[in-house]
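Participant: These protein sequence lines map, in sequence, to chains L and V.
For the first sequence, the residue numbers in our numbering are 188 to 540.
For the second sequence, the residue numbers in our numbering are 2 to 354.
Check before you lean on any hint, since a few could be wrong.
[Stated by the list, open to error] Straight line, CA to CA, 30 Å or less: simulated DSS-like cross-link-like pairs of lysine-lysine:
#1 V:Lys75 / L:Lys489
#2 V:Lys195 / L:Lys538
#3 V:Lys13 / V:Lys192
#4 V:Lys75 / L:Lys327
[Claimed, not checked] Over the 12 Å line for every Cβ pair with chain V, so calculated as not near, a few chain L residues:
#5 Thr202
#6 Ser230
#7 Pro247
#8 Gly248
#9 Leu262
#10 Ala298
#11 Thr392
#12 Ala401
#13 Pro429
#14 Leu433
#15 Leu437
#16 Trp514
Hints listed in this document are in silico derivations from the structure and should not be mistaken for laboratory results.
For every residue, glycine included, the Cβ atom is placed at its ideal position computed from N, Cα and C.
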Amino acid sequence: MNWRSIAAIVQKDATLFFRNRFFAVITVLGLVMGIVVYFIMPSTLEETLELGVYSPSLPPGFEELYEGEIGIQLLAAESEEALRENILEGEYSAGLVLPPDLVEKLSQGEAPDIKVYIASDQVGDMEAIVGVLIAELTQKLGGQSIEVDWQQEVLGRDMAGAQIPLRDRIRSLLVVVLLMAEVFGLASLMSEEAENRTAIALLATPMTVRDLFAAKGIFGTVLAFGQAAFFLAVVRGLDNQPGVILVGLLLGSTLAAAIGFLAASLGKDFLSVAMWGALIMILLSVPGIAVMTPGVVSGWIKVIPSYYLVDTVSQASNFGAGWGNVWQNLLILLGFSAALFAVGILAFRRKLR
Amino acid sequence: MNPRQVAVLLGKEFTLGSKGFLFLLAIVGPVALSLVITLVFGSLFAHEPTLGFTDEGASQLAILIEEQTSIDSKRYDNAVALKRAVEEGAVDGGIVITGDFDETVLQQDRIEIPIYIWGESLAKDRAILTATVADLVREVSGREAPINVDVVGVGDMEAIPWSDRLFPMIVLVTVFIAGFMLTGASLLDEKEKKTIDALMVTPTTIGEVFCSKGLTGIIIAVVMGLIILAMNQALGSQPALLVLLLFLGAVMAATVGLILASLLSDVPAFFATMKLTGILLYAPAIVYMFPGIPSWVSRIFPTYYIFEPIVEISQQGGDLSDIMLNMIILIGLDVLFVVLLGVLITRRRQYAV
Numbered sequence: 188m189n190w191r192s193i194a195a196i197v198q199k200d201a202t203l204f205f206r207n208r209f210f211a212v213i214t215v216l217g218l219v220m221g222i223v224v225y226f227i228m229p230s231t232l233e234e235t236l237e238l239g240v241y242s243p244s245l246p247p248g249f250e251e252l253y254e255g256e257i258g259i260q261l262l263a264a265e266s267e268e269a270l271r272e273n274i275l276e277g278e279y280s281a282g283l284v285l286p287p288d289l290v291e292k293l294s295q296g297e298a299p300d301i302k303v304y305i306a307s308d309q310v311g312d313m314e315a316i317v318g319v320l321i322a323e324l325t326q327k328l329g330g331q332s333i334e335v336d337w338q339q340e341v342l343g344r345d346m347a348g349a350q351i352p353l354r355d356r357i358r359s360l361l362v363v364v365l366l367m368a369e370v371f372g373l374a375s376l377m378s379e380e381a382e383n384r385t386a387i388a389l390l391a392t393p394m395t396v397r398d399l400f401a402a403k404g405i406f407g408t409v410l411a412f413g414q415a416a417f418f419l420a421v422v423r424g425l426d427n428q429p430g431v432i433l434v435g436l437l438l439g440s441t442l443a444a445a446i447g448f449l450a451a452s453l454g455k456d457f458l459s460v461a462m463w464g465a466l467i468m469i470l471l472s473v474p475g476i477a478v479m480t481p482g483v484v485s486g487w488i489k490v491i492p493s494y495y496l497v498d499t500v501s502q503a504s505n506f507g508a509g510w511g512n513v514w515q516n517l518l519i520l521l522g523f524s525a526a527l528f529a530v531g532i533l534a535f536r537r538k539l540r
Numbered sequence: 002m003n004p005r006q007v008a009v010l011l012g013k014e015f016t017l018g019s020k021g022f023l024f025l026l027a028i029v030g031p032v033a034l035s036l037v038i039t040l041v042f043g044s045l046f047a048h049e050p051t052l053g054f055t056d057e058g059a060s061q062l063a064i065l066i067e068e069q070t071s072i073d074s075k076r077y078d079n080a081v082a083l084k085r086a087v088e089e090g091a092v093d094g095g096i097v098i099t100g101d102f103d104e105t106v107l108q109q110d111r112i113e114i115p116i117y118i119w120g121e122s123l124a125k126d127r128a129i130l131t132a133t134v135a136d137l138v139r140e141v142s143g144r145e146a147p148i149n150v151d152v153v154g155v156g157d158m159e160a161i162p163w164s165d166r167l168f169p170m171i172v173l174v175t176v177f178i179a180g181f182m183l184t185g186a187s188l189l190d191e192k193e194k195k196t197i198d199a200l201m202v203t204p205t206t207i208g209e210v211f212c213s214k215g216l217t218g219i220i221i222a223v224v225m226g227l228i229i230l231a232m233n234q235a236l237g238s239q240p241a242l243l244v245l246l247l248f249l250g251a252v253m254a255a256t257v258g259l260i261l262a263s264l265l266s267d268v269p270a271f272f273a274t275m276k277l278t279g280i281l282l283y284a285p286a287i288v289y290m291f292p293g294i295p296s297w298v299s300r301i302f303p304t305y306y307i308f309e310p311i312v313e314i315s316q317q318g319g320d321l322s323d324i325m326l327n328m329i330i331l332i333g334l335d336v337l338f339v340v341l342l343g344v345l346i347t348r349r350r351q352y353a354v
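Build the full structure now, drawing on both the sequences and the hints.
Facilitator: Next up, the structure:
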C-alpha cells in the first residue's frame with residue numbers, strides 16, 4: 188500500500204466533499220437536526236397516573252391505599268375548584284369528587300355518586316381507564332367482593348420506575364440515520380470518479396486499485412464515524428460504556444462506507460445514486476424504529492445489518508451493556524461490514540471497467 | 002403553445018421518466034410514509050395498555066376483555082405464543098384464562114391469576130391492566146359494586162388523535178414529492194445533461210417543455226393524493242371536490258418546483274435548497290400537529306391552503322361553502338405562481354429557438 192497516495196486522495200476527497208454545497212449542507216444540517224430532534228423530545232417518561240381527589244371528608248385509610256405503588260398516585264385537593272384548576276394545568280390526569288358518605292353507602296350496597304373531572308381533550312382516552320380505577324378504589328375502600336391475587340412474572344429487564352425516555356430511545360435511530368446519510372456523500376464521490384473517468388486517470392499513476400479503495404473507504408469511514416461520535420457526545424450517548432459504543436460506531440461507519448461503494452456501483456449519475464442511497468437509508472433505519480416501538484417488528488429485523496449497530500448503541504447507552512453483552516453484535520457487524528465491503532468493491536471495479 | 006407538442010412531451014415524460022428513481026419515489030414514498038406513520042405513531046402515542054390473553058375454555062372474561070375500552074387486547078392461540086409476545090413487548094401484559102376459570106370465579110371469594118408483565122411496560126399501564134382485569138373478574142362473578150360515575154370535561158381543548166394530526170403532513174408530502182421534487186429535479190436533470198438544449202433546436206418551445214414537466218408532476222400528485230386519501234379512509238362523500246383541491250395543490254407544488262429549478266443550475270443545488278427551505282413548505286402541517294399553537298400561524302404559509310380544505314372536506318365533513326374562502330386563496334396563489342413562472346420563462350429566452 189502506498190500510504191502517501193492514500194493520504195493525498197483522502198485529502199482531495201475531503202476538500203471536494205465540503206466544497207459541494209449539497210453534501211456540506213446535508214452534513215451540517217443533518218447533525219444540527221439530529222441534535223435538535225433529540226433535545227425537543229421529552230426528557231422524562233411519565234410512569235405514574237396522578238389522580239386528584241377531593242372529598243369534604245376523606246375516607247379513613249385513604250392515604251395508604253396506593254402507598255408505595257409507582258403506577259398510581261392519589262393526591263388530595265383542597266376544594267373542587269382546586270381540583271379543576273389542577274386538571275387544566277396538567278397536574279392531574281383526572282380528578283375525583285368523592286361523597287362524604289362513600290364508605291357507608293358501599294357497605295350498605297348502595298351506589299355512591301362520584302363526579303369525575305377530565306381535561307376535555309382527554310375524555311375519550313381517559314374515561315374508561317378512570318372508570319376501572321374508580322371501581323378498584325371503591326373495592327379497596329368498601330371491602331373486596333372477590334379478591335384477585337396477582338402472581339406477576341416480569342419478562343425481560345424490569346424497568347418499572349426507571350424507564351428510558353423517548354429521546355434516549357430515539358438516539359440510536361438518529362445515529363443510524365446520520366451514518367447512513369454519509370452513504371450519499373461517499374457514493375456520489377465514487378460515482379463522480381467513475382463518471383468523469385478520473386478514477387481511470389488515477390490508476391494510470393503509481394496508485395493501485397487497492398490504494399484507491401482504501402482511500403475511499405478510510406474517508407467514508409472517518410467522515411461517518413466523526414459525525415456519529417460527535418452527535419453521541421453532544422446528546423450524552425457516550426456517558427455509559429464509551430469504549431463499546433465507539434467500537435460499534437466504527438464498525439457501523441465501515442458498514443456505511445461499504446454500502447456507499449454498493450450504491451455508487453448501482454447508480455449511473457448523481458440522481459440515481461442519491462435515490463439508491465435514499466432507499467438503502469430507509470431500509471437501514473427500520474431497526475431504529477423497532478427500538479422505539481418494541482413488539483411492532485419481530486425476528487426478521489435481524490437480517491438488516493444496522494440492527495446490530497442500533498442494538499449495541501441502545502443496549503450500551505441506555506442499559507449499560509458491556510463487552511460481554513454485545514460482543515456477538517460487534518462480531519456480526521464486523522462480518523456484515525467485511526462482506527459488504529468485498530461485494531461493494533467488486534461491483535465498483537466492474538463499473539470502472 | 003401547441004397542445005399536441007405538449008402531449009408528445011408528456012408521453013415521453015411518462016414512458017422514459019417512469020424508469021427513473023424519482024418516479025418510483027413519488028409513488029412508493031407517500032405510501033411508505035403513510036404506512037410508517039400509522040404504524041409508528043399509532044402505537045407510540047397510544048394511551049391504552051395492551052393485554053394479551055389466551056382462552057383455554059370459552060370464558061366470559063375473554064369476551065369482556067375484547068369489549069373493554071380502557072385497554073387494547075390481543076388474543077393468542079396458546080400460552081407459548083402469549084409469553085413470547087410479552088417478552089418481545091408486543092403486549093404490556095398477558096394472562097392465561099384456564100378452562101375452568103368462570104366456575105372458579107363463581108365459587109370462590111379469592112382467586113389467583115398468573116400474569117406475565119413485559120419488563121419495559123410503564124408502571125401506570127401495569128396498574129391499569131390489573132385494575133381492568135380485576136373489574137372484569139368481578140363482573141364475571143356478578144359481584145361488582147354499584148357506582149354512579151358522572152364524567153365532566155374540563156376546558157375547551159378539542160381532542161385530535163395523532164393519526165389525524167399527522168394527516169396534513171402526509172397530504173403535503175404526497176403532493177410535493179411528485180409536484181415539486183419530481184418536476185424540479187426532472188427539469189434540472191435535462192439542464193445538466195443538456196437535453197433541453199437539444200429540444201430547443203426542434204420546434205418545441207420552452208413553455209411547452211415546462212408545461213409537460215408540470216403536468217407530469219400534477220397528474221402523479223393527484224393520483225397519489227387520491228390513493229393516500231383512500232388508504233387513510235378520507236375520501237369522504239365529495240371525491241370530485243377532493244380531486245379539484247388536489248389538482249390546485251399540485252399546481253402550486255409544480256409551479257414552485259419549476260420556478261426553483263429555473264433559478265438553479267444543478268440537481269445537488271436543488272436538493273440543498275429543498276433541505277433548507279423544506280421546513281417552510283411543511284411548517285403549517287407541523288403547526289397543525291400541536292393544537293396549542295394559534296391557528297393563525299399556519300395561515301402565513303401558502304401550503305396551508307392546500308391541506309386545510311382537504312382536511313375540512315375529508316375529516317370534518319365540510320362542503321364547498323366551508324372551504325370557499327381558502328379555495329379562492331389557493332386559486333389566487335396558483336395564479337400568482339404561474340404568472341411568476343411565466344415571467345421567469347420569458348426572461349430566460351436563451352433556451353428558446
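Participant: Work down the list of hints and note, for each, if the structure agrees.
Facilitator: Results for each hint:
Annotation: proposed proximity of lysine 75 (chain V) to lysine 489 (chain L) holds, straight-line Cα distance about 25 Å (limit 30 Å). Annotation: proposed proximity of lysine 195 (chain V) to lysine 538 (chain L) holds, straight-line Cα distance about 24 Å (limit 30 Å). Restraint check for lysine 13 (chain V) and lysine 192 (chain V): the C-alpha separation of about 16 Å stays at or below 30 Å, so the hint holds. With a C-alpha separation of about 28 Å, the suggested pair lysine 75 (chain V) and lysine 327 (chain L) falls inside the 30 Å cut-off, and the hint holds.
Its beta-carbon lying about 16 Å from the closest one in chain V, threonine 202 (chain L) satisfies the requirement of being farther than 12 Å from that chain. At roughly 16 Å, the least C-beta separation between serine 230 (chain L) and chain V is larger than 12 Å, which holds for a residue marked as non-interface. The Cβ of proline 247 (chain L) sits about 18 Å from the closest Cβ of chain V, beyond the 12 Å cut-off, so the non-interface label holds. Look at glycine 248 (chain L): its CB is around 17 Å from the nearest CB on chain V, clear of 12 Å, so calling it non-interface holds up.
Even its closest Cβ contact with chain V, about 14 Å, leaves leucine 262 (chain L) beyond 12 Å, as expected for a residue assigned away from the interface. For alanine 298 (chain L), the shortest C-beta to C-beta distance to chain V comes to about 4 Å, within the 12 Å cut-off, and the non-interface label is violated. For threonine 392 (chain L), the requirement that its beta carbon stay farther than 12 Å from each beta carbon of chain V is met, with the minimum near 28 Å. At the 12 Å boundary, the C-beta of alanine 401 (chain L) stays outside the reach of chain V, the nearest C-beta of that chain being 26 Å off.
For proline 429 (chain L), the non-interface assignment is confirmed: its Cβ lies about 24 Å from the closest Cβ of chain V, beyond the 12 Å cut-off. For leucine 433 (chain L), the requirement that its beta carbon stay farther than 12 Å from each beta carbon of chain V is met, with the minimum near 26 Å. At roughly 27 Å, the least C-beta separation between leucine 437 (chain L) and chain V is larger than 12 Å, which holds for a residue marked as non-interface. For tryptophan 514 (chain L), the shortest C-beta to C-beta distance to chain V comes to about 22 Å, beyond the 12 Å cut-off, and the non-interface label holds.
When each numbered hint is compared with the structure, a violation occurs for hint 10 only.
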